[in-house]
Amino acid sequence: QQQVKQSPQSLIVQKGGISIINCAYENTAFDYFPWYQQFPGKGPALLIAIRPDVSEKKEGRFTISFNKSAKQFSLHIMDSQPGDSATYFCASPTSGTYKYIFGTGTRLKVLA
Amino acid sequence: GAGVSQSPSNKVTEKGKDVELRCDPISGHTALYWYRQSLGQGLEFLIYFQGNSAPDKSGLPSDRFSAERTGGSVSTLTIQRTQQEDSAVYLCASSLALAGGNIQYFGAGTRLSVL
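Chains as they are written, first to last, in this note's numbering: chain A, 1 to 112; chain B, 1 to 115.
Hints are not guaranteed to be accurate.
[Unchecked claim] Chain A stretches covered by chain B per the calculated footprint, using a threshold of three residues with CB under 8 Å from any CB of chain B: (1) 25–36; (2) 45–57; (3) 92–98.
These aren't lab readings, by the way, just hints derived from the structure by calculation. Quick caveat, the model's predicted, so the values are computed rather than measured. For each residue, glycine too, the CB sits at the ideal point set by N, CA and C.
With the rest of the complex left out, here is chain A:
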């Protein structure tokens, strides 16, 4: 069964620091690789997504780095803020269906 391995499970960062979350996937499907942000009591919200033919995408303080040959992608949060404290999920498309496989989540806490 296809998996997405996400690390770390939890992360504590000082305000203004850089938060880095990594994911490794297994399949070769061509579709967007998204990151979701989830606050307590809310559903996951799309944060940023990247196509697999692009190596990096930046939106404000959030950057996805994509390494197709290594089948890895990561989320970088620059100048991390306490308001970024949330759980982050990566997801990988699957071959032959429109389903996605989700990582197990990373709980980020940014200290003020």
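Guided by the hints, dock chain B onto chain A, whose structure is given.
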């Protein structure tokens, strides 16, 4: 436009009762997904509808769980004879189901508590 809408937002029920959870996807999205999220855990896939195709039920944990999608839009997830272990947040998502452009968008979820 409007996002994915789920109702109710909270549901408290007694063990053994049946519950129905509703999901209204984003207009024009042909794919609809149900997930279960236990407290502090990840997303557990339950079922997936795509257009008029037979649903992918491979994630349903038992035959007490079923779902239907009427008219290719609204979906209802039904849990029969609820058990305490069914307590979780049930999330619905929808997507355009286009090759190369299939990002899922989630609703706020229904928090189910089985007493």
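Results of checking the hints against the structure:
Under a criterion of three residues with beta carbons nearer than 8 Å to beta carbons of chain B, the stated coverage of the stretch 25–36 of chain A is upheld, 5 such residues being counted. With 4 residues bearing a CB less than 8 Å from a CB of chain B, the stretch 45–57 of chain A meets the requirement of three and the coverage assertion stands. With 3 residues having a beta carbon nearer than 8 Å to a beta carbon of chain B, the stretch 92–98 of chain A meets the requirement of three or more and the stated coverage holds.
No hint from the list above goes unmet by this structure.
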